[in-house]
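In case you want the letters, here they are:
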Amino acid sequence: MVKLTIPEEEYMLPGHVACQGCGATIAMRYLLKALGGKTIVSIPACCWAVIPGVYPSRTLEVPLLYTAFETTGASISGIRAALDMMGDTETTVVGFAGDGGTADIGLQSLSGAVERGENVIYVMYDNEAYMNTGIQRSSSTPAGAWTTTTPGGSKKEWKKRPKKSVIEIMIAHDIQYAATLTVSYPEDFIKKVKRAMEIKGPKFLQVLSPCPTGWKSDPAKAVELARLAVQSRVFPLYEFDHGKYKISMKPKQVPVREYLKPQGRFRHLTDEEIETIQMHTDEQWEILLAKEKFTNELYK
Amino acid sequence: MVKKVITGNGASANGARLAKPKVIAAYPITPQTSIIEKLALMVSNGELDAKFIKVESEHSAMAACIAAQNTGVRTYTASSSHGLALMHELLMWASGARLPIVMTDVNRAMGPPWSIWADQQDTIAQRDTGWIQFYVASNQEALDTIILAYKVAETVNLPAMSIEDAFILSHTMESVDIPEQETVDSFLPPYEPKFRLKVGEPMGFGSLVMPEGYMEFRYKISEAMDEARNVIRTVGKEFGETFGRKYGLVEEYKTDDAEVVLVIAGSVASTAMEVVDMMRDEGKKAGVLRIRSFRPFPYEEIRKVAKQAGLIGVFDRSYTGGFGGAIGTEVKGALYNSDASLPVKNYIAGLGGRDITPKVLRKIFEDMFESLNGGVKKEVEWVGLRDGSGRW
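Each protein sequence line maps, in turn, to chains A and B. For the first sequence, this note's numbering gives the first residue as 1, with consecutive numbering after it. For the second sequence, this note's numbering gives the first residue as 1001, with consecutive numbering after it.
Pulled out of the complex, with its shape left as it was, chain B reads as follows:
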């Protein structure tokens, strides 16, 4: 094991290298580009035995990964924002074809207006594509998640996305343990697909199916996504035994006795945990539930926390045009029909890279305590708006 100070993109590139993909197909986009630059150099130097297809679009990147994976090899790509949006059609194809492709997305806002900074709109917009989605909170987790994601994806035959925040992780240096190749190889065996394009075995992949057959294909995807919950727990535990860092569907921080719990995803969760410590120093029992796996959605973990908490706040770094943010509505969906009966308040913040400082998060926690005692006055709150209202 080597310890290095590297960026989130450096960590993702190293995670990909250690997983030994045979084909990489990728296209540049800020702030993802340095991942594929590093991989291009690794391939050129012979550090990674892979073919790097320098495609002419993200759409072609995913199409090439799909075809290569269908031919029988492990593949990898990375993208961000508009690039991920352009891939949308093929993201559906990858999950529909049950191909365990792994990619990194660097969370970046969608235009217009143009923004290259962090929010989660790009990946939230792909939540229904049948991909497993891991939101990471550190550079170490960015590296680890790629290795772990391959194992999960290849177990349930669904594609998986490791998601890191633009700039806050992608371009920020942190100390990262880089595992030895041998250890990774012992954890992640070579890719052996059950079915593949093979001369002498003339099968057709993805042909037309009549309404009598289609629904079962979709049902099997839903079964696989449900199965992925336990697989992530098991593989996360095994990962901990092998590498010393255990991962689950969520990360709980001081939720055991918390009166209010903020559900949050991405690197901003670590700031929220700092704020929880500050609040607790003042005798206020706050906690954080960090969602690591948004797909599959950790409804059991949410229900468990909701059993003893008095109020749940949900932090969304995207907006869906529905009733609040995507994580907010999912959390409410998980709680309805459960034993828990507690108010849920949704906060929309940090869009287009707007800073989420401890001050902003503190205000959110204070509002949660206020709502706990005085009732939720506004169910969906936009935080930090410069609209002159002065409320936030």
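Chain A extracted, bound-state conformation:
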């Protein structure tokens, strides 16, 4: 008999207004399944500021506080402080922000919250660009990607520098728990959220959330694409738990070309450029393996 690890309870009602194949919507659904109803969510400007619906509609079964673009870290700190002062230390407080709101404009307030040790969960749903405003590059956009502000043109100005690693910035804060997740591995997703709930203090979860609209890919293949991101090692799934790195899965490697090919945003890449991305991906994987080995020996 198969053991059911994904909770049956739903905290997302039908009727949301996300695009077809939206990874961020699946991410919220799994997140709330894992967290349960005793949760308060704060959401800044991002796709998810629209997805729950227009006033007076709502699609979430938990209280929701919208907040300004760059304030998620401060907002969840404020909710937590008020709940604690009211004697409620049980309710989970979650920030749910996009990559622009996390890696760019909201990085300061996130850093502040994590450094202070706020007892909150911060979820970065990473669709690798400003999708709500219409696909502009963020610092979490990968190298080589087309966006409306890295449009290529005659000077071939695609995104030049690699994706900023927010999880590694969080690890540099001496955070107790940080992890990468994606929507194509729900069991792993839910396990990590549950682990985050066990820890008192700041927790950071970075969820790769395919955006068929911005990635110029088939909405029906969103989950498959997220799986290819993991298999190609472009987005490895791992945890940082009290100093130790733990790679969640080490699947047989798929060439990055397989991940890039179905996405229109990478269509212009030459073989040489794809090879550069492959090399960078391999290097990063080696670094991650070394970190896992080193930290596990250090904290044996």
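In short, the hints are calculated from the structure, not lab data. It should be emphasised that the depicted structure is a prediction, and the values quoted were computed from it without experimental measurement. Cβ atoms here follow ideal geometry from the backbone N, Cα and C, with glycine treated the same way. Do not rely on the hints blindly, as some may be mistaken.
Said to hold, decoys possible - Some chain A residues well away from chain B (every beta-carbon gap over 10 Å; in silico):
no., residue
1, 6
2, 54
3, 116
4, 149
5, 220
6, 261
7, 286
8, 288
9, 298
To be verified - Below, in silico cross-link-like pairs of lysine-lysine (DSS-like), each with a Cα-Cα straight-line distance of 27 Å or less:
no., chain 1, residue 1, chain 2, residue 2
10, B, 1198, A, 38
11, A, 33, B, 1198
12, A, 200, B, 1332
13, B, 1285, B, 1332
14, B, 1194, A, 38
15, A, 194, B, 1198
16, A, 200, B, 1198
To be verified - Not close to chain B: a few residues of chain A, all C-beta gaps over 12 Å, as computed:
no., residue
17, 7
18, 62
19, 133
20, 161
21, 191
22, 274
Dock chain B against the given chain A, drawing on the hints supplied.
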């Protein structure tokens, strides 16, 4: 009741303590810092049962206050100048979300060039954010206004700012009555919001609204701001009955028979009142109307004074880039379409902490009498400029 000799910042910190906020989120900036230092110590000593979130910016300070207040507790913060400017986006958010947050701003000039000294540019620049603004004139008033502001704010569901002058009040010692906690508790009941973030009641706060719905939210804010005028009068009277010090939207000083009235805000009003006494000793009928509440704007009080005065001077300690200073244009706005028909002259002075001495104010009053008799030759006058003109 205890009488203590304390600074304006000490008074503000004590006012905040007595109002019992449950969450304080604040960031240091001169000359406000000693308010939050004192509060940090009060929290650390257990004198104040609150969580102090030591945020990484003023922007986050207001964001955290907003979230905490939305969760259901009373909050407090303090800032100044560039800090207040950084908060701007969230000041709009606080009023839009109808949260009765109370903060202190220590009035300080904006850079560049850098200046840490008093003027009102920082708060005047926030006049359109939907916050109630109280300009105080003494350390006692700084303490009292915080307690009073919570009651007003929680009645009309708008945030409120108590504003004290940099250094002139913030770092100057005065004798201040510190009320007993029991008396404050009897005046200011615990905060009980109608709506809050609550598990089991899944509401969304601040969601997207279509053009069919947006305007009504704004209209309700304007109604609340209008209602605040009477609430301030009522609560100010009640404050007087409880603590022995009554407050209104304005403070009138010898306006009843004044031929010229200077409209002024902040601690410099007390110097102006001294000068009025000097002028009156010489038989010159001058008066002062101190604006305590700039938002909501006391247009009725202005109109009343204008009915019998011959000329109104308006003292602005900021500059807007419009037709004169902010208080000047507001006063003119209040008088247009009213029964009063009298000249109004606007004086810009004391920017970046430049001293406003009795001598400077005397010149202003003399100019007002001159203009009353000979007509207003220059509608907007910069006072005390060292530009070589020698006029002032």
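Consistency of the hints with the structure:
1. 6: 21 Å, holds
2. 54: The claim is violated: residue 54(A) sits with its nearest Cβ about 5 Å from chain B, within 10 Å.
3. 116: 7 Å, violated
4. 149: Consistent with the label, residue 149(A) stays out of reach of chain B, its closest Cβ about 23 Å off (over 10 Å).
5. 220: Check passes; 28 Å lies beyond 10 Å.
6. 261: Non-interface label on residue 261(A) holds, nearest chain B Cβ at 36 Å vs cutoff 10 Å.
7. 286: It holds; residue 286(A) is separated from chain B by about 34 Å at its closest Cβ, greater than 10 Å.
8. 288: 29 Å, holds
9. 298: Per Cβ check, residue 298(A) is outside 10 Å of chain B; nearest 30 Å; holds.
10. 1198(B) <-> 38(A): Given that 27 Å is the threshold and the Cα spacing comes to 9 Å, the pair holds.
11. 33(A) <-> 1198(B): 19 Å, holds
12. 200(A) <-> 1332(B): At roughly 58 Å apart (the allowed maximum being 27 Å), residue 1332(B) and residue 200(A) break the hint.
13. 1285(B) <-> 1332(B): Holds. Residue 1285(B) to residue 1332(B) sits at ~22 Å (cutoff 27 Å).
14. 1194(B) <-> 38(A): 21 Å, holds
15. 194(A) <-> 1198(B): 22 Å, holds
16. 200(A) <-> 1198(B): Holds, because 21 Å separates the two Cα atoms, which is no more than 27 Å.
17. 7: Its Cβ never comes within 12 Å of chain B, the nearest being 17 Å, so this holds.
18. 62: It is violated; residue 62(A) is separated from chain B by about 5 Å at its closest Cβ, not greater than 12 Å.
19. 133: For residue 133(A), whose nearest Cβ neighbour in chain B is about 14 Å away, the distance exceeds 12 Å, so it holds.
20. 161: Per Cβ check, residue 161(A) is outside 12 Å of chain B; nearest 25 Å; holds.
21. 191: Non-interface label stands for residue 191(A): nearest chain B Cβ at 24 Å, farther than 12 Å.
22. 274: 40 Å, holds
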